[in-house]
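A.B. asks: Here's the letter readout for the chains.
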Amino acid sequence: MKRPKYRSVGQNQRKVDGEALVTGQARYVDDIELRGMLYGKILRSPHAHARILEIDADEARGLPGVHAVLTHHNVPRIQYTTAGQGAPEPSPKDTFVLDEKVRYVGDSVAAVAAETAQIAEEALKKIKVRWEVLPAVLDMEQAMTPDAPRIHEMPSANEISNPEKNIAAQVEVTDGDPERGFAEADLVVENHYRAGRVHASHTEPHICITCLDEAGRLVVRTSTQVPFHVRRIIAPLVNLPIGKIRVIKPRIGGGFGAKQEVLLEPICALLTLKTGRPVRIRLTREEEFISSRTRHAQILRSKVGAKSDGTITATELEVLADTGAYGSHALTVQCNTGSKSLPLYRTHQYRKGVNNVHFKATAVYTNLPVAGAIRGYGAPQGFFALDSTLDEMAHKLKMDPIDFRLKNLVRKGDSPALLEKLGEGREGVKQILKSCGVRECIKRGMAEIEWQQKRARKNGGVVRRGVGMAVLQQGSGIPGIDMGAVTIKLNEDGSFNLMTGATDLGTGSDTILAQIAAEVLGTAADKCHVFSSDTDLTPYDTGAYASSTTYITGMAAKKAAEEIRRKVLARAVRMLSEKRGDLTLENGRVKGRKKSISLGEVCADALYEHDQEQIMATASHISYDCPPPFAAHFADVAVDTETGQVRVLKYVAAVDCGTAINPQLAEGQTLGGIHMGLGYALSEEYQFDDRGRLMNPRFLDYKILSASDMPEIKVILVPTFEPTGPFGAKSVSEIPTNGPAPAIGNAIFHALGVRLREVPFTPERVLKALRNA
Amino acid sequence: MLRPFDYFHPNDMAETLTLLDQEDETSVLAGGTDLLVKMRRGSIRPPVVVDIKGLEECQGIRWEGDRLSLGSLTTFNDLLRSQEAHKHFPLLIDAARVMGCYEVRERATLGGNVVNASPGAESGSPLAVLEAQVVLKGRRGERQMSIGHFWQGVGKTDLAPGELLVRIVIPRLPEGSRSTYLRRSRVQGMDLASVNVAVVVINPRLPESREIRVALGAVAPTPIRAREVETLLRGQEITSSLLSQMRDKIQEGLAPRTTSLRATPGYKKEMVGVLTEMALEVLLKG
Ligand SMILES: Cc1cc2nc3c(=O)[nH]c(=O)nc-3n(C[C@H](O)[C@H](O)[C@H](O)COP(=O)(O)OP(=O)(O)OC[C@H]3O[C@@H](n4cnc5c(N)ncnc54)[C@H](O)[C@@H]3O)c2cc1C
Numbered sequence: 000m001k002r003p004k005y006r007s008v009g010q011n012q013r014k015v016d017g018e019a020l021v022t023g024q025a026r027y028v029d030d031i032e033l034r035g036m037l038y039g040k041i042l043r044s045p046h047a048h049a050r051i052l053e054i055d056a057d058e059a060r061g062l063p064g065v066h067a068v069l070t071h072h073n074v075p076r077i078q079y080t081t082a083g084q085g086a087p088e089p090s091p092k093d094t095f096v097l098d099e100k101v102r103y104v105g106d107s108v109a110a111v112a113a114e115t116a117q118i119a120e121e122a123l124k125k126i127k128v129r130w131e132v133l134p135a136v137l138d139m140e141q142a143m144t145p146d147a148p149r150i151h152e153m154p155s156a157n158e159i160s161n162p163e164k165n166i167a168a169q170v171e172v173t174d175g176d177p178e179r180g181f182a183e184a185d186l187v188v189e190n191h192y193r194a195g196r197v198h199a200s201h202t203e204p205h206i207c208i209t210c211l212d213e214a215g216r217l218v219v220r221t222s223t224q225v226p227f228h229v230r231r232i233i234a235p236l237v238n239l240p241i242g243k244i245r246v247i248k249p250r251i252g253g254g255f256g257a258k259q260e261v262l263l264e265p266i267c268a269l270l271t272l273k274t275g276r277p278v279r280i281r282l283t284r285e286e287e288f289i290s291s292r293t294r295h296a297q298i299l300r301s302k303v304g305a306k307s308d309g310t311i312t313a314t315e316l317e318v319l320a321d322t323g324a325y326g327s328h329a330l331t332v333q334c335n336t337g338s339k340s341l342p343l344y345r346t347h348q349y350r351k352g353v354n355n356v357h358f359k360a361t362a363v364y365t366n367l368p369v370a371g372a373i374r375g376y377g378a379p380q381g382f383f384a385l386d387s388t389l390d391e392m393a394h395k396l397k398m399d400p401i402d403f404r405l406k407n408l409v410r411k412g413d414s415p416a417l418l419e420k421l422g423e424g425r426e427g428v429k430q431i432l433k434s435c436g437v438r439e440c441i442k443r444g445m446a447e448i449e450w451q452q453k454r455a456r457k458n459g460g461v462v463r464r465g466v467g468m469a470v471l472q473q474g475s476g477i478p479g480i481d482m483g484a485v486t487i488k489l490n491e492d493g494s495f496n497l498m499t500g501a502t503d504l505g506t507g508s509d510t511i512l513a514q515i516a517a518e519v520l521g522t523a524a525d526k527c528h529v530f531s532s533d534t535d536l537t538p539y540d541t542g543a544y545a546s547s548t549t550y551i552t553g554m555a556a557k558k559a560a561e562e563i564r565r566k567v568l569a570r571a572v573r574m575l576s577e578k579r580g581d582l583t584l585e586n587g588r589v590k591g592r593k594k595s596i597s598l599g600e601v602c603a604d605a606l607y608e609h610d611q612e613q614i615m616a617t618a619s620h621i622s623y624d625c626p627p628p629f630a631a632h633f634a635d636v637a638v639d640t641e642t643g644q645v646r647v648l649k650y651v652a653a654v655d656c657g658t659a660i661n662p663q664l665a666e667g668q669t670l671g672g673i674h675m676g677l678g679y680a681l682s683e684e685y686q687f688d689d690r691g692r693l694m695n696p697r698f699l700d701y702k703i704l705s706a707s708d709m710p711e712i713k714v715i716l717v718p719t720f721e722p723t724g725p726f727g728a729k730s731v732s733e734i735p736t737n738g739p740a741p742a743i744g745n746a747i748f749h750a751l752g753v754r755l756r757e758v759p760f761t762p763e764r765v766l767k768a769l770r771n772a
Numbered sequence: 000m001l002r003p004f005d006y007f008h009p010n011d012m013a014e015t016l017t018l019l020d021q022e023d024e025t026s027v028l029a030g031g032t033d034l035l036v037k038m039r040r041g042s043i044r045p046p047v048v049v050d051i052k053g054l055e056e057c058q059g060i061r062w063e064g065d066r067l068s069l070g071s072l073t074t075f076n077d078l079l080r081s082q083e084a085h086k087h088f089p090l091l092i093d094a095a096r097v098m099g100c101y102e103v104r105e106r107a108t109l110g111g112n113v114v115n116a117s118p119g120a121e122s123g124s125p126l127a128v129l130e131a132q133v134v135l136k137g138r139r140g141e142r143q144m145s146i147g148h149f150w151q152g153v154g155k156t157d158l159a160p161g162e163l164l165v166r167i168v169i170p171r172l173p174e175g176s177r178s179t180y181l182r183r184s185r186v187q188g189m190d191l192a193s194v195n196v197a198v199v200v201i202n203p204r205l206p207e208s209r210e211i212r213v214a215l216g217a218v219a220p221t222p223i224r225a226r227e228v229e230t231l232l233r234g235q236e237i238t239s240s241l242l243s244q245m246r247d248k249i250q251e252g253l254a255p256r257t258t259s260l261r262a263t264p265g266y267k268k269e270m271v272g273v274l275t276e277m278a279l280e281v282l283l284k285g
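Order-wise, the sequence lines are chains A and B.
43 is the number that numbering that gives the first Met the number 0 gives to position 44 of the first sequence; each next residue is one higher, with no gaps.
45 is the number that numbering that gives the first Met the number 0 gives to position 46 of the second sequence; each next residue is one higher, with no gaps.
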């Protein structure tokens with residue numbers, strides 16, 4: 000295909016907010032101080048499961064400097080979900096701002112607003128609670144048993160799948176005839192995998208400042224990925240119409256999905272409404288670990304059938320997931336475990352239009368911290384189980400694991416039927432693959448890691464070497480649901496403002512949008528002043544999740560810029576007395592055959608000279624396509640058979656994200672995702688005691704990898720052109736998180752001949768697996 | 000959250016000792032990398048904090064006869080910059096290298112590490128195996144004792160109220176001795192040791208008169224010497240059967256606490272042998 004030449008797209012444009020970030024000028028929520036601001040603190044449950052028989056806050060209220068204490072007695076009793084999703088949220092409405100029951104150690108019991116944080120803490124200690132401690136269930140496999148205590152006893156209309164059995168959500172889909180597929184297989188491989196509970200580890204904790212403006216409207220400044228969902232979800236909880244609420248997202252210090260949650264905003268707003276004063280609540284790191292959101296722990300049964308020539312005949316995944324005390328994202332994360340992993344492979348009946356696939360997921364409540372959205376959104380668990388099973392199958396078939404995958408991977412033009420049946424907690428949308436660089440990713444990754452040589456390496460001694468790989472995909476936005484809108488207006492100096500509801504949480508999406516708009520307008524990205532996001536001032540956007548911003552909002556930016564371009568050219572025809580067809584936009588100027596004028600002059604003409612108007616445009620975009628980015632990850636590992644230590648020496652990630660709008664940012668996203676995935680695979684894990692208390696709620700004891708732990712990483716961007724994306728772009732941000740667990744697990748197998756079926760692959764688990772082998 | 004406290008920064012030993020003597024609940028502040036963590040967590044709430052960074056007597060690394068004397072304020076980065084440490088006590092360098100991160104090493108002092116008395120502290124097993132002495136000073140005078148007696152349990156020392164750790168002194172090792180320190184940790188950067196060993200070999204080339212000293216960290220309430228292993232190895236040819244005996248023997252009597260988040264007792268007990276063998280392999284080579 001002949002690729003058009005771009006000037007702004009495809010360049011390593013400096014981040015539009017880079018200078019403010021490195022000079023410390025960027026303003027986060029915590030940099031905002033409002034006159035008369037009170038400090039809010041939340042009293043947290045010491046019990047995993049208990050009923051509040053009595054709560055006495057009189058002494059706390061009487062403490063000098065305390066302005067308000069909220070308990071379940073004086074907050075509205077309205078069921079909702081903290082999951083920041085589109086309306087209606089496909090998560091059970093199982094949460095109250097404050098309840099008469101607590102469901103995990105760390106659950107909210109009461110909240111205080113006081114003049115200083117110290118006074119607020121003092122006040123918390125003076126709140127007296129009489130508890131009825133209830134039996135707790137801390138193990139997802141116990142949660143559904145008949146004698147397990149029931150965690151949610153809500154009335155009706157809560158959308159909990161089966162509260163009697165502690166089932167928050169469940170889903171089951173079948174395509175084709177998997178039973179027949181397994182029956183026709185020459186070999187069936189089936190095993191259980193366990194994926195642990197991990198933390199998103201964003202730098203900036205959840206923080207929110209609420210106040211009332213002069214018109215009595217509620218203003219919420221919050222570190223969120225979903226400002227518009229925050230506005231909509233809190234409205235009934237604070238009993239205000241949506242129009243009387245303004246949500247502002249300042250600079251965010253990371254979220255990775257954990258800020259696709261409405262956690263602090265309701266209680267903070269209620270404290271403001273009670274006191275009339277600005278109130279700030281910021282989670283401590285310990286609270287962040289305990290009371291924000293984690294990745295879902297899962298137990299997965301993964302089954303693959305294949306012919307002896309390596310043709311897959313059927314696949315199956317059955318998932319049991321621990322959603323913790325509340326069901327935020329319980330259904331959709333689990334759907335994604337199947338819908339991201341399974342459709343990557345055909346089965347032998349594919350040509351008749353069916354895959355033999357069975358997928359079932361059950362998310363259960365336990366009395367543990369709450370799981371939710373985290374980068375990858377269920378896919379890391381799915382790929383760990385599925386890809387490890389494929390690797391095992393290849394080994395049993397005596398095939399090279401790459402040859403085996405190549406034989407079965409999807410191709411351009413395929414339309415995996417599972418995606419039609421399994422969507423965002425409901426039926427999906429028919430998909431046809433219009434771009435697919437997965438084979439090129441494998442080819443280039445193989446060369447970089449030196450696959451053939453390293454697979455043939457002789458092994459022995461205490462430290463064994465191995466290489467493994469995994470093939471991955473993700474999506475780009477949620478088809479038929481995610482919508483992004485962008486407003487652009489032109490200024491007299493030729494610069495333009497770009498207003499968007501999309502939330503750059505550190506990903507660089509503001510820069511991406513600027514590059515896309517600048518490309519259309521034939522100007523430089525730094526002429527684009529990006530403002531994001533404020534529900535009063537910017538158009539709607541679903542928010543930063545599901546790898547959607549570049550693909551969805553990027554297209555909205557392109558459309559809005561095209562509208563500006565039309566308006567500019569129309570004026571330039573008159574101003575230059577040239578034919579429309581002879582005009583081009585380049586370097587901030589409209590060029591004709593004879594003359595040219597600057598964008599600024601065109602704007603001045605529009606504002607002051609002729610048929611005055613503000614040159615501006617707003618465009619929305621929604622897509623029914625959800626083009627998957629593809630990737631092949633490779634890990635070269637050394638495993639010490641005496642200490643059980645796994646060291647990753649080299650890691651290669653080849654990724655097809657369509658056109659990389661900004662290669663450096665795409666690479667950065669990939670590196671960051673690999674870092675998260677490596678921690679998931681090697682060291683990160685929530686550790687609980689037998690009373691459900693998190694024992695390692697701090698980075699001293701919860702180990703993410705540091706710079707010195709990182710292997711050499713090579714990122715290879717494999718360009719394809721996705722016709723439905725802006726300038727051919729697909730997503731890039733979540734997919735890398737899926738790779739390290741299966742790629743390293745497969746490499747360990749290559750090194751030791753032993754398969755690890757539980758992440759993280761801690762030294763003790765490696766030794767145990769070696770001994771049981 | 001930090002509580003208010005009175006802060007003193009004396010430059011004079013007498014004044015410091017007077018301050019320390021006056022108040023019951025006074026905390027000495029050196030680098031503060033343990034103290035401030037505890038104060039913020041609220042596990043200690045001293046009304047008075049005495050910052051000793053101005054004290055000459057607690058600074059510097061110098062020879063005093065046959066002993067290297069390290070001021071208690073010696074930071075881990077000071078150690079890494081010390082020619083004497085590199086030359087004579089390379090195990091201290093091994094330990095300092097893996098301690099915390101650059102920023103922490105720039106503040107954290109050897110004295111703080113010793114007084115904090117964490118069983119897996121980076122300086123613990125090295126100072127135990129080097130048979131270091133601590134020099135303590137109080138208003139009633141100065142005393143010295145072996146570091147093994149100084150540590151009394153997790154976070155417990157023989158330091159009397161009002162007393163200061165002034166210097167740590169290490170006897171010179173016989174010419175040609177070798178030493179190393181190895182640890183296991185969950186991640187390489189910024190982690191505490193799950194378990195560690197310090198090994199010194201005296202007369203590495205002469206098996207008959209060879210002496211091997213071993214100390215272990217994070218397997219008992221304080222860093223400990225593995226005396227029976229030392230006896231087992233003394234003057235012996237190192238064979239694989241001896242090493243496997245060593246691995247069994249080294250575990251005897253060890254009962255690491257079960258509540259560690261970093262490793263299970265079983266893993267720790269196994270690893271001290273593995274690490275000791277690794278250390279010997281390095282020290283006895285060539
Ligand atoms: C991020 C981080 C990482 C860390 N990593 C490691 C690691 O890898 N390995 C490790 O061993 N430790 C580690 N630590 C712990 C700590 O840094 C060390 O124990 C350090 O050596 C303490 O020294 P300090 O000067 O900071 O002590 P301080 O915090 O100032 O004092 C510690 C204690 O000793 C007392 N004290 C200090 N000096 C004297 C003195 N001269 N006389 C009497 N009492 C005294 C204090 O009152 C206090 O009780 C880490 C700490 C942090 C915060």
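There may be inaccurate statements among the hints.
[What the hints assert, rightly or not] To spell it out: a stretch of chain B is covered by chain A in this simulated footprint if at least three of its residues, at any positions, have a beta carbon under 8 Å from a beta carbon of chain A; those stretches are:
| id | region |
| --- | --- |
| 1 | 8-21 |
| 2 | 126-136 |
[As the list claims (entries may be wrong)] Using 30 Å as the maximum straight-line C-alpha spacing, the simulated DSS-like pairs for lysine-lysine come out as follows:
| id | chain 1 | residue 1 | chain 2 | residue 2 |
| --- | --- | --- | --- | --- |
| 3 | A | LYS590 | A | LYS526 |
| 4 | A | LYS767 | B | LYS37 |
| 5 | A | LYS125 | B | LYS37 |
| 6 | A | LYS457 | A | LYS243 |
| 7 | A | LYS590 | A | LYS578 |
| 8 | B | LYS284 | A | LYS457 |
| 9 | B | LYS37 | A | LYS127 |
| 10 | B | LYS268 | A | LYS594 |
| 11 | A | LYS488 | A | LYS243 |
| 12 | A | LYS124 | B | LYS37 |
| 13 | A | LYS457 | A | LYS488 |
No lab work stands behind these hints: they were computed from the structure.
Heads up, the beta-carbon is just placed ideally off N, CA and C, and yes, glycines get one too.
A.B. asks: Under the constraints set out in the numbered hints, which ones does this structure not fulfil?
C.D. replies: 1, 2, 4, 6, 10, 13
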